[in-house]
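Trainee: Mind docking chain G on chain A? Use the hints.
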Amino acid sequence: MISVVQLTKVFGAQTAVDKLSFEIPAGQIVGFLGPNGAGKSTTLKMLTGMLEPTSGQATIAGFDLQRDLLEVKRHVGFVPESGAVFESLTGLEYLEMVAALYGIPKNAARARIKQFIAFFDLSFETLTDKLLGAYSKGMRRKVVITSALLHNPPVVFFDEPLDGLDANAAVGFKALIQMLAREGKTIVYSSHILDVVERVCHRVIIIDKGKLLLDGKPDELVATHNSGTLEKLFTQLTGGAELEQRAEDFAKTFRP
Amino acid sequence: MSETAATPPPILPEAAPLPEKVLRRLFLTLFLRGRSARQLKRATAPNSIGKKLALTLVFYALVGATALSFWHQPVFALAAYVHAMTFVFLGMFVASSAGEVLFNKEEADILLHRPIRPQTMLWAKIRVLVEVSLWLAFAFNLAGLYVGFNSAGGWRFPIIHIFSTTLEALFCTGSIVLAYQLCLRWFGRERLDGLMTMAQVFIAIAAVLSGQILPRLLVHMNHVLGINEASWWIALLPPAWFAGVDDAFAGSSQMVSWLLAAIAVTTTSLVLWLAFGKLAHSYEIGLQTLNETVAARGQKSGRRRWLDQIVSLPPLSWWLRDPVSRASFLLTIAYLLRDRDVKLRVYPGIAPMLILPFVFLLQDHGHQATATAAPNFFVPFTGAYLGLVPLLGLRLLQYSQQWQAADVFRVAPLAGPAALCHGARRAVLCLLVLPILLLVGLIVWLLKHDLNTLFLLLPGIIALPIFALVPNLRGRGVPLSVPTDSAKSAGRGLMMIPVMFIAFGIAGLASFSWTHEWFWQFIAAEVLVVIIAYAILRWMIDRARWPAMG
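Protein chains in written order, with my numbering: chain A, 96 to 351; chain G, 717 to 1266.
Just so you know, the hints here were simulated from the structure itself, not pulled from any lab data.
Don't take every hint at face value.
To be verified - The calculated DSS-like cross-link candidates involving lysine-lysine, where the alpha carbons are at most 30 Å apart (straight line), are:
{"hint": "1", "chain 1": "G", "residue 1": "Lys737", "chain 2": "G", "residue 2": "Lys994"}
{"hint": "2", "chain 1": "G", "residue 1": "Lys821", "chain 2": "A", "residue 2": "Lys306"}
{"hint": "3", "chain 1": "G", "residue 1": "Lys737", "chain 2": "A", "residue 2": "Lys225"}
{"hint": "4", "chain 1": "A", "residue 1": "Lys304", "chain 2": "G", "residue 2": "Lys821"}
{"hint": "5", "chain 1": "G", "residue 1": "Lys821", "chain 2": "A", "residue 2": "Lys232"}
Okay, chain A solo, but in the shape it has when bound (with noise of 0.2 Å):
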């Protein structure tokens, strides 16, 4: 569903992703994991096609991103981790604005949203009534969620997705996205919090300084790197194995 080859993105001088390349089946939850700045958000919006590739291919439910970027655009949903919405819309106007643009017509798009508010136990008084700049942030995360799931997309890429959500929320979250991969819905999940990532994701694909570190499955990679979870083996990869001593000693610091 999702195949990456020799991806590359440069800014001046500086390689942010360099020859990333992995095939994603549909079916599929893939825990997309690095430290901050490793290339994962450039990754994920050069796929969603809000960057234009330096070099690379990559094909997305059988569109090149290249060649068929509207196509690929129709396929994909993308919650992207600033959660960013039109806040002085409201949350039924932003969401019926973005049904539009993928063709959905007024009233199948007004019936698919109140499917989306009963699952998030949202109130439509509040979807009609409120601008999102009042909302709470797990409000607002529920509707950036919702419109990229909105036009049933085959593939969906999560930045940070349970950022604001109270934990009732994620467990949902938790267990609607294991059932869309069951529905063959294609799933990169891209989070820190990474019991989550274990727990929820068949596959984990780790990448540093824009290059691929680590790709299987999650108990595998942990089992093969003795490293009893899946946290202590992305710090060993990821230089952060001393993080526990350095933060005795800088605690040290705020001694009176």
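Mentor: The following block gives chain G in isolation, referenced to the frame of chain A:
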């Protein structure tokens, strides 16, 4: 979580709304309501913007009423006047709004992964800009349409004038977009931010200049269109092209008018073809640039070190002893130098306003060159008019796309915003006022060739600290703390009027005292008044507490 139905509704592209319509409606809503909101309800949000828009329309209509003085003038004179002034207003409006509308950083995260062609997005935005421009132009041209219909042009005038004004709005908007695209094409995406500011400043100045020059040129031509060796360059002024359209169809219909009309249609078509056809791909590149989180570094850190050193040396170190004021000073300078959003608002907002005194100075110089007696009025007027720079600069600096980050000031243990306001005020005085003052001094010296004339700038310079304190009253001058949408009010244009009256007052007194040789006594009295006013304003600002969150 409740259960949801399993089957999604079918997508029927044939019954779907067109993306062009969806985007046009979206951008118009965003323009009228603003892009950000804090604790707003749907019912209250559009009303405030509506009021502002209504106020702006009334203001434009009142200014446009000056066209009534063209009652018995030929069509070209009336058309040239209203097109020149429309060009000024449209140029300034489009230059100050285009950056925010065309290149909004947050918008990239919301729209760039949706199935929309960049050209479609660009067209929708341009349509909104043109529609709002036309509203403003319509308000300004109401009196002109009435005069044209009842006096010179007859029934054909309103029809053709609406057409030529639409053409003018398209030309203004297309020129801004074209300027951005050419910057991208010639200088590359890395330098887009700085070049966008320069392009907007240049276009705003060009719009105001050509709008100011044409009516003055008409006086020399006795309000009758005739191109000869002395006035051939009227064909270089865009408002004259659009006035040519009116004159060709509803006025004298002479060959020159048809020539100007042909230039209007050809140039506007060319600008639109280049901006929206030939170079539309550059817009996509511009939008993608906003997405590039990895930015060029290097020289920026050098600039910061340079700034830190300057601030730690006298006299700035004495002036910025308070650490909060120093931090606010550095923050303001950083945003004035680096932040695209702030630069696009501040520099194109201030530059065109400053054209007026320069035009007066040059006009005064021209009169002197032709041996007409000219009083020493416009030099002190220019000095006093500079009060607009801190007034406008500090007002515009309050707006930011990152206004929510200013909550950090309220969280900090500060009783009120005074120290922050003082830091921002000092930054504006150093970075904006001082260079403009030096430039004005240089121009005055070059025009008059007399160092003594520079003393006439003193009354204005002495009044500057008062102008700089006014935006901080009631704790309102906290930098970067207000959503950018509030910047779209008519207040900026209205602010010019009291400043101009004060400038006229100061200049009149200075000129009178200079002629009657008690200039220095006048200066001493002004210093005394300014000291007292400064002390009162500082006391009020220092006592101010945090204004309520909007």
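Trainee: Decide, hint by hint, whether the structure agrees.
Mentor: Hint-by-hint comparison with the structure:
1. At most 30 Å may separate the alpha-carbon atoms for a hinted pair to count; Lys737 (chain G) and Lys994 (chain G) meet this at roughly 23 Å.
2. Taking the CA atoms of Lys821 (chain G) and Lys306 (chain A), the gap is about 27 Å. The hint holds against a cut of 30 Å.
3. Among the hinted pairs, Lys737 (chain G) with Lys225 (chain A) is consistent with the structure: their alpha-carbon atoms are about 24 Å apart, no more than 30 Å.
4. Our distance criterion of 30 Å between C-alpha atoms is met by Lys304 (chain A) and Lys821 (chain G), whose separation comes to about 25 Å.
5. Proximity of Lys821 (chain G) to Lys232 (chain A) is assessed by CA-CA distance (about 19 Å); at most 30 Å being required, the pair is judged to hold.
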